[in-house]
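Got chain A; can you put chain B on it based on the hints?
Protein chains: 2
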Amino acid sequence: MSEVYAARRERLRERCAAGGSAAALVSRPANVRYLAGAAPRGAVLLLGGSEDVLLCARPPEDEPGAARPDAGLRLHVLPAPDGDPAVAGAGQAAAQGVEALAVEEHHLTVARHRALASVAPRLRFTDLAQGVEQLRLVKDEEELSCLRIAAEIADQALGELLESILVGRTERHLALELERRLVDHGADGPAFPTSVATGPHSGRLGHRPTDRRVEEGDFLSVCLGACYRGYRSEIGRTFVIGTTPADWQIELYDVVFAAQRAGREALAPGAACRDVDRAARQVLAAAGYSEGLAPGTGHGVGLENTEDPQLAPAAMGKLDACVPVTVEPGVHLPGRGGVRIDDTLVVRCEADGGPELLTITTKELLAL
Amino acid sequence: MSEVYAARRERLRERCAAGGSAAALVSRPANVRYLAGAAPRGAVLLLGGSEDVLLCARPPEDEPGAARPDAGLRLHVLPAPDGDPAVAGAGQAAAQGVEALAVEEHHLTVARHRALASVAPRLRFTDLAQGVEQLRLVKDEEELSCLRIAAEIADQALGELLESILVGRTERHLALELERRLVDHGADGPAFPTSVATGPHSGRLGHRPTDRRVEEGDFLSVCLGACYRGYRSEIGRTFVIGTTPADWQIELYDVVFAAQRAGREALAPGAACRDVDRAARQVLAAAGYSEGLAPGTGHGVGLENTEDPQLAPAAMGKLDACVPVTVEPGVHLPGRGGVRIDDTLVVRCEADGGPELLTITTKELLAL
Numbered sequence: 218m219s220e221v222y223a224a225r226r227e228r229l230r231e232r233c234a235a236g237g238s239a240a241a242l243v244s245r246p247a248n249v250r251y252l253a254g255a256a257p258r259g260a261v262l263l264l265g266g267s268e269d270v271l272l273c274a275r276p277p278e279d280e281p282g283a284a285r286p287d288a289g290l291r292l293h294v295l296p297a298p299d300g301d302p303a304v305a306g307a308g309q310a311a312a313q314g315v316e317a318l319a320v321e322e323h324h325l326t327v328a329r330h331r332a333l334a335s336v337a338p339r340l341r342f343t344d345l346a347q348g349v350e351q352l353r354l355v356k357d358e359e360e361l362s363c364l365r366i367a368a369e370i371a372d373q374a375l376g377e378l379l380e381s382i383l384v385g386r387t388e389r390h391l392a393l394e395l396e397r398r399l400v401d402h403g404a405d406g407p408a409f410p411t412s413v414a415t416g417p418h419s420g421r422l423g424h425r426p427t428d429r430r431v432e433e434g435d436f437l438s439v440c441l442g443a444c445y446r447g448y449r450s451e452i453g454r455t456f457v458i459g460t461t462p463a464d465w466q467i468e469l470y471d472v473v474f475a476a477q478r479a480g481r482e483a484l485a486p487g488a489a490c491r492d493v494d495r496a497a498r499q500v501l502a503a504a505g506y507s508e509g510l511a512p513g514t515g516h517g518v519g520l521e522n523t524e525d526p527q528l529a530p531a532a533m534g535k536l537d538a539c540v541p542v543t544v545e546p547g548v549h550l551p552g553r554g555g556v557r558i559d560d561t562l563v564v565r566c567e568a569d570g571g572p573e574l575l576t577i578t579t580k581e582l583l584a585l
Numbered sequence: 218m219s220e221v222y223a224a225r226r227e228r229l230r231e232r233c234a235a236g237g238s239a240a241a242l243v244s245r246p247a248n249v250r251y252l253a254g255a256a257p258r259g260a261v262l263l264l265g266g267s268e269d270v271l272l273c274a275r276p277p278e279d280e281p282g283a284a285r286p287d288a289g290l291r292l293h294v295l296p297a298p299d300g301d302p303a304v305a306g307a308g309q310a311a312a313q314g315v316e317a318l319a320v321e322e323h324h325l326t327v328a329r330h331r332a333l334a335s336v337a338p339r340l341r342f343t344d345l346a347q348g349v350e351q352l353r354l355v356k357d358e359e360e361l362s363c364l365r366i367a368a369e370i371a372d373q374a375l376g377e378l379l380e381s382i383l384v385g386r387t388e389r390h391l392a393l394e395l396e397r398r399l400v401d402h403g404a405d406g407p408a409f410p411t412s413v414a415t416g417p418h419s420g421r422l423g424h425r426p427t428d429r430r431v432e433e434g435d436f437l438s439v440c441l442g443a444c445y446r447g448y449r450s451e452i453g454r455t456f457v458i459g460t461t462p463a464d465w466q467i468e469l470y471d472v473v474f475a476a477q478r479a480g481r482e483a484l485a486p487g488a489a490c491r492d493v494d495r496a497a498r499q500v501l502a503a504a505g506y507s508e509g510l511a512p513g514t515g516h517g518v519g520l521e522n523t524e525d526p527q528l529a530p531a532a533m534g535k536l537d538a539c540v541p542v543t544v545e546p547g548v549h550l551p552g553r554g555g556v557r558i559d560d561t562l563v564v565r566c567e568a569d570g571g572p573e574l575l576t577i578t579t580k581e582l583l584a585l
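Residue numbers (this note's numbering), protein chains in the order written: chain A, 218 to 585; chain B, 218 to 585.
It cannot be assumed that every hint is accurate.
Unchecked claim - Across the chosen pairs, the derived CB separations fall in these ranges:
{"hint": "1", "chain 1": "B", "residue 1": "G552", "chain 2": "A", "residue 2": "E482", "range": "51 to 59 Å"}
{"hint": "2", "chain 1": "B", "residue 1": "R331", "chain 2": "A", "residue 2": "P530", "range": "21 to 29 Å"}
{"hint": "3", "chain 1": "B", "residue 1": "A328", "chain 2": "A", "residue 2": "R386", "range": "42 to 50 Å"}
{"hint": "4", "chain 1": "B", "residue 1": "R331", "chain 2": "A", "residue 2": "G459", "range": "47 to 55 Å"}
{"hint": "5", "chain 1": "B", "residue 1": "E268", "chain 2": "A", "residue 2": "W465", "range": "37 to 45 Å"}
{"hint": "6", "chain 1": "B", "residue 1": "W465", "chain 2": "A", "residue 2": "G459", "range": "53 to 61 Å"}
{"hint": "7", "chain 1": "A", "residue 1": "G308", "chain 2": "B", "residue 2": "A488", "range": "32 to 40 Å"}
{"hint": "8", "chain 1": "A", "residue 1": "R258", "chain 2": "B", "residue 2": "P338", "range": "34 to 42 Å"}
{"hint": "9", "chain 1": "A", "residue 1": "A332", "chain 2": "B", "residue 2": "E268", "range": "28 to 36 Å"}
{"hint": "10", "chain 1": "B", "residue 1": "G434", "chain 2": "A", "residue 2": "T461", "range": "54 to 62 Å"}
Claimed, not checked - Listing some non-contacts, in silico: residues in chain B with all C-beta distances to chain A over 12 Å:
{"hint": "11", "residue": "R232"}
{"hint": "12", "residue": "G423"}
{"hint": "13", "residue": "R495"}
{"hint": "14", "residue": "A503"}
What the hints assert, rightly or not - From the derived model, a few chain B residues whose C-beta atoms are all more than 12 Å from chain A:
{"hint": "15", "residue": "S267"}
{"hint": "16", "residue": "G300"}
{"hint": "17", "residue": "G314"}
{"hint": "18", "residue": "E316"}
{"hint": "19", "residue": "L399"}
{"hint": "20", "residue": "R446"}
{"hint": "21", "residue": "A485"}
{"hint": "22", "residue": "G487"}
{"hint": "23", "residue": "S507"}
{"hint": "24", "residue": "L582"}
These are computed hints drawn from the structure, not numbers from a lab. All values reported here derive from a predicted model rather than from experimental measurement. Backbone N, C-alpha and C define an ideal beta-carbon position, used for all residues, glycine too.
Only chain A is shown next, with the shape it has when bound in the complex:
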């Protein structure tokens, strides 16, 4: 793996050089992990100057659960455990004779940025902006295989839940059980807080589980994901509790299903992100559901459970091959409930078989 991280750092180095900075200080945890193989709490990566250094407030060995940093990096553990590695990194950059240091102004606070400037007064600070996030958009095979496993784990956890008795159990308990099952199947942990929404809560984006219990006739919508080696899958499904769904439930489900399929089918290298969103949104609008929809119908996944690209009306840019995204339209009818259907897919060209579906749990309307 070491050469993978070295190659990523080299690509970033070229970007910085093009931007006029010989060195960069990466502080955003997901970005540190992408370039260093691990991101011990508070660690920052100093790139360039005479060498690449991972600066940590404490030794990484303090966290057995955590990933190991790339052996190709010099590891620098701060003498005082409560120091700020970013400040130490700026000091080292100055000591290495660096003139311009690119920092992540979208992550560093104003107070930290000031502290950096005060330890290295002669250093010129530039903005690395989303430089690392842009490198992270297109995933390599190593990353995609982690995402496949993360998706498989979520499918397994969800599949097991469907075999258990649901009526009478609370949203909170179902969410906790799903998270336990994710870990059972080898996840580092949940990719994000598991959402379980019943009855009037169903179909709501990012619903926080409450003590409401599953009842006969409810819609039950679930959204979960596994984190595997830092990579985060996402799957959402909606079910009906009881023997037979009501007519309004069948109709609503069919609309959301059709919208989600339209979104999936719009995924292709070169497709505009907003067009994918429109494809799904149009189906909902045509059925009369254009009010109170979520701002987007999908987003990228990777080391973060929500990253670029965004599939939304105002989104700029086009999709590339090997970009994993969610497609997750939903409709929530206040007081009644609703439907969300959410898959994680990898954008592929037609010749490669089109979009690769990572979350394979059935999308038929199951009555549980």
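Chain B in isolation, oriented as in the chain A frame:
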């Protein structure tokens, strides 16, 4: 409750005025919740000018699990759900004729601060610094009663675990079970990721649960807390697995127990934070344990699971009455394991009976 939040905002308003700013924009979630009663995701509080406004990217009703904002505030939901409430807040401050706006430079990123300045070019930005955090140090009765309940919930969850079979179960599963039990007993959720450390991992601060299974003869150290209405308790205990502890385990436990008691007994209004830390640390050092200790032996708790005051060698300041803190010395012997004992207490003067212990689970060395 509404008058409680209004009174807190009034205290902050006075601080700002003293600092030469008629208005403040509070963005740090725990600070927003303290002043507004709730902190919907991304919400910011604009204080002063002609009125106090809670700005949100989405309607708070979207989160049934969440607390309700103080009815005494004007609620402003952004038209575009992907806008930044902080930027909107700066715009409103300018529109209200505010000249100087205090912002939380320790929370706002450089990029966001720039965006604020660009929408309100004539506004002068000052630093609110830790103004709200300082108000949060001393808790009122409402806050203390939430902390008491949060501590009681953690005691219950831990007590139930001790009655179950432990040998053969993994750290991850025990941690997940504890978190489920926290929710069973009415917690909003865990106050922080539950730490379960067995054998060679035991006694390690903030150990992340692994797949290691509990074995006969292990030390088992557990650290958990409940979040109740936003307030976070913390308790840590260490047990021995099997019939009789080894001599080294008994000796080590006695030392850490004595250190933790010394720390607890040093808690008093007016006591210097560093002296409380020294009281505990001295006992460990006298027994030959001065290497590889955690940077602190305790910290404040409240809306965050680690907040001021810090009980550490370099800590400044003194304790006040009604300040809840943890006392949590520990020793970890690499390769062998160790002991941590952690309580949440409220600083009280002698006349009020001295420190109030919130986490009442026994601290005798139990062999499970």
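For this session: Given the range 53 to 61 Å, decide if the beta-carbon distance of W465 of chain B to G459 of chain A lies inside it.
Result: holds (59 Å)
For this session: Mind checking the hinted window 21 to 29 Å against the Cβ distance between R331 of chain B and P530 of chain A?
Result: Taking Cβ atoms as reference, R331 of chain B and P530 of chain A lie about 26 Å apart, which means the hint holds.
Exercise. Closest CB-CB distance from E316 of chain B to chain A, is it above 12 Å?
Worked result: Since the minimum Cβ distance to chain A is about 20 Å, E316 of chain B lies beyond 12 Å and the statement holds.
Exercise. Taking the closest pair, is the beta carbon of G300 of chain B still more than 12 Å from chain A?
Worked result: violated (10 Å)
Exercise. Taking C-beta pairs only, is G487 of chain B more than 12 Å away from all of chain A?
Worked result: holds (24 Å)
For this session: For the range 34 to 42 Å, tell me whether the beta carbons of R258 of chain A and P338 of chain B fit it or not.
Result: Hint holds: Cβ distance 38 Å, inside 34 to 42 Å.
Exercise. Is it true that the C-beta distance of G552 of chain B to E482 of chain A lies inside 51 to 59 Å, as the hint says?
Worked result: holds (56 Å)
For this session: Using the Cβ atoms, figure out if R331 of chain B sits within 47 to 55 Å of G459 of chain A.
Result: holds (54 Å)
Exercise. Regarding the assertion that S267 of chain B does not contact chain A, is the least Cβ-Cβ distance greater than 12 Å?
Worked result: holds (26 Å)
For this session: Just double-check A485 of chain B for me: nearest Cβ-Cβ distance to chain A has to come out over 12 Å.
Result: holds (25 Å)
Exercise. Does the Cβ-Cβ separation between A332 of chain A and E268 of chain B fall within 28 to 36 Å?
Worked result: holds (35 Å)
For this session: Mind verifying the non-interface call on R446 of chain B? Its CB should be farther than 12 Å from each CB in chain A.
Result: holds (14 Å)
The structure fails hints 12, 16, 19 (numbered hints given earlier, in ascending order).
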